[in-house]
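**Q** Read off the chains here:
Number of protein chains: 2
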Amino acid sequence: MFRDRLAADAARIQDGFDRVLGALPDSDIARAMAHACDGGKRLRGFLVLESARLHGVEDRALNAAIAIEALHAYSLVHDDLPCMDDDDMRRGRPTVHVTWDEAVAVLAGDALQALAFELVTAPESGPAEIRATLASSLAQAAGARGMVLGQALDMAAETAAAPLTLEQITRLQAGKTGALFDWAACAGARLAGADIAPLRGYARALGLAFQIADDILDVEGDAARAGKRLQKDADAGKATFVSLLGLEGARARAAELVAEAEAALSPYGTDALCLREAARFVIARDS
Amino acid sequence: MFRDRLAADAARIQDGFDRVLGALPDSDIARAMAHACDGGKRLRGFLVLESARLHGVEDRALNAAIAIEALHAYSLVHDDLPCMDDDDMRRGRPTVHVTWDEAVAVLAGDALQALAFELVTAPESGPAEIRATLASSLAQAAGARGMVLGQALDMAAETAAAPLTLEQITRLQAGKTGALFDWAACAGARLAGADIAPLRGYARALGLAFQIADDILDVEGDAARAGKRLQKDADAGKATFVSLLGLEGARARAAELVAEAEAALSPYGTDALCLREAARFVIARDS
Numbered sequence: 001m002f003r004d005r006l007a008a009d010a011a012r013i014q015d016g017f018d019r020v021l022g023a024l025p026d027s028d029i030a031r032a033m034a035h036a037c038d039g040g041k042r043l044r045g046f047l048v049l050e051s052a053r054l055h056g057v058e059d060r061a062l063n064a065a066i067a068i069e070a071l072h073a074y075s076l077v078h079d080d081l082p083c084m085d086d087d088d089m090r091r092g093r094p095t096v097h098v099t100w101d102e103a104v105a106v107l108a109g110d111a112l113q114a115l116a117f118e119l120v121t122a123p124e125s126g127p128a129e130i131r132a133t134l135a136s137s138l139a140q141a142a143g144a145r146g147m148v149l150g151q152a153l154d155m156a157a158e159t160a161a162a163p164l165t166l167e168q169i170t171r172l173q174a175g176k177t178g179a180l181f182d183w184a185a186c187a188g189a190r191l192a193g194a195d196i197a198p199l200r201g202y203a204r205a206l207g208l209a210f211q212i213a214d215d216i217l218d219v220e221g222d223a224a225r226a227g228k229r230l231q232k233d234a235d236a237g238k239a240t241f242v243s244l245l246g247l248e249g250a251r252a253r254a255a256e257l258v259a260e261a262e263a264a265l266s267p268y269g270t271d272a273l274c275l276r277e278a279a280r281f282v283i284a285r286d287s
Numbered sequence: 001m002f003r004d005r006l007a008a009d010a011a012r013i014q015d016g017f018d019r020v021l022g023a024l025p026d027s028d029i030a031r032a033m034a035h036a037c038d039g040g041k042r043l044r045g046f047l048v049l050e051s052a053r054l055h056g057v058e059d060r061a062l063n064a065a066i067a068i069e070a071l072h073a074y075s076l077v078h079d080d081l082p083c084m085d086d087d088d089m090r091r092g093r094p095t096v097h098v099t100w101d102e103a104v105a106v107l108a109g110d111a112l113q114a115l116a117f118e119l120v121t122a123p124e125s126g127p128a129e130i131r132a133t134l135a136s137s138l139a140q141a142a143g144a145r146g147m148v149l150g151q152a153l154d155m156a157a158e159t160a161a162a163p164l165t166l167e168q169i170t171r172l173q174a175g176k177t178g179a180l181f182d183w184a185a186c187a188g189a190r191l192a193g194a195d196i197a198p199l200r201g202y203a204r205a206l207g208l209a210f211q212i213a214d215d216i217l218d219v220e221g222d223a224a225r226a227g228k229r230l231q232k233d234a235d236a237g238k239a240t241f242v243s244l245l246g247l248e249g250a251r252a253r254a255a256e257l258v259a260e261a262e263a264a265l266s267p268y269g270t271d272a273l274c275l276r277e278a279a280r281f282v283i284a285r286d287s
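Chains as they are written, first to last, in our numbering: chain B, 1 to 287; chain F, 1 to 287.
If we strip away everything but chain B, and leave its shape as in the complex, we get (with noise of 0.2 Å):
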């Protein structure tokens, strides 16, 4: 059931991409941000549109869906960049510098950056209660308390003199990959102007158990199935979860935060399967 709703849901986004993006007037940078915004598993997107079936709000949901992942797509593009992780390859292709340039990279990215607000704050997303909160708590999610704040955490620990303990890692996940995850899975209870609370909870173990198995893929992964450059945390003496618990401690303690997840959403029963369904996937999947 999950798998053809992920693949649904990534074809409605997909589609909302054409027509957002199509409607920007011509240039490198709506190239750059179509490019960057192609591919990728839509998983933040699909916690959007699921969170808000969930809710019943599903018809106001897709402009949320697009944000976020526009939100996550200028994200990967300036992590990419020289300055940064310097990488080439993502989602399988050039990345955007590569294919344009560095200030075509850092502009598209900020434009998407603007992009998902302008989406979340549009008319389709509902009352201007609930957009202004979606907006709100979007832009602390983004900024320097969120994910800015672990993808400086992140270039720090690349330079610092020890490696990261447990706690350290645990707090740049939270910002650089649990902010959005945690965005994506509350947006349906904010759609709805719900209690975001049992989301909130499955969204903080998901997003932790999406890392961890991240760190795992990175040491055991296929890069031309992943798309992307892998063992680049080794190759930088970064620690990770795996260096941190090993291999089996890893693959333990994400199962632990799926079990976790799963418990979280027992105030929704079986409405949750779905959402059960993809804790159980984030620590499966091979990409």
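Don't take every hint at face value.
One copy or two, it doesn't matter: identical chains are merged, so the pair holds either way.
[What the hints assert, rightly or not] With a cut-off of at most 25 Å between alpha-carbon atoms, the simulated DMTMM-like pairs for lysine to aspartate or glutamate come out as follows:
id	residue 1	residue 2
1	232	102
2	238	101
3	238	28
4	41	129
No lab work stands behind these hints, which were simulated from the structure alone. Here the structure is a predicted model, which means the values were calculated and not measured.
Using the hints provided, position chain F relative to the given structure of chain B.
**A** Frame of chain B, contents of chain F only:
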């Protein structure tokens, strides 16, 4: 009157930045954000506060004033990067990538954009309808139809086969500097839920006059007083309003635009004296 209010508003905006940025987790990014937001004329923030005074909603306007200055600061930090304009000095001090490094500059700019949206959607800015409208219009002004489009046209001009025409430069300017001036001047009407048309007319003429004055300053100004490198456009062989209209022609056009800007304010009568004075200031400034 204008200069006193500009100075008082600049001080309030700086206090606001100190409070908002002081509340962030301590990091190079937070310090770089503060560095980037320190100083400057605060003309965009003044336009927010003065247009709000005009509509009797100054009490809810401070966040929007800080937000537009944060967005402006982010655009300068990214614009100064080696892959963009490659500038070492800004507001009389070393730029962010010189003081820290390029990664910090990319991330601090990214976080400042998010901060701008966090500020305009915070409860202090008024009812939800107004906060959603502020965020939506700000996103449009900042993105690939507004400021980023202008930046991209500006980058493309550097490698274009022929110098830009007056029409092309005007379009570039409308994005690069005009979009934020437009948002800033209209913010007071938006905060009050009033008609933005007169302020929009004012802002369009003011923004263009500002850019022409910048081009004149680039040729005639004193780098120490301006706090940044000058004669960049001439060195790069780029067309400017001065190269297209001549120095006297550019001065005459700027004066015409100031008269247009003042005329657009006629619905406000004598209440708009300070905004009229601001329009005269933008073409008389020396930095």
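**Q** When no copy is named, should residue 238 and residue 101 be tagged within, between, both, or neither for a Cα gap of at most 25 Å?
**A** Answer is between; shortest inter-copy Cα gap is 20 Å, intra-copy 28 Å.
**Q** For residue 232 vs residue 102, is the C-alpha pair at or below 25 Å within one copy, between two copies, both, or neither?
**A** both (21 Å within a copy, 20 Å between copies)
**Q** Up to 25 Å between alpha-carbons, please classify residue 41 paired with residue 129: within, between, both or neither.
**A** Classified as neither; 30 Å inside a copy, 34 Å across copies.
**Q** As a check of your reading, is residue 238 near residue 28 (CA-CA no more than 25 Å) within one copy, between copies, both or neither?
**A** between (35 Å within a copy, 20 Å between copies)
Violated hints amount to a single one, hint 4; each of the other numbered hints is respected by the structure.
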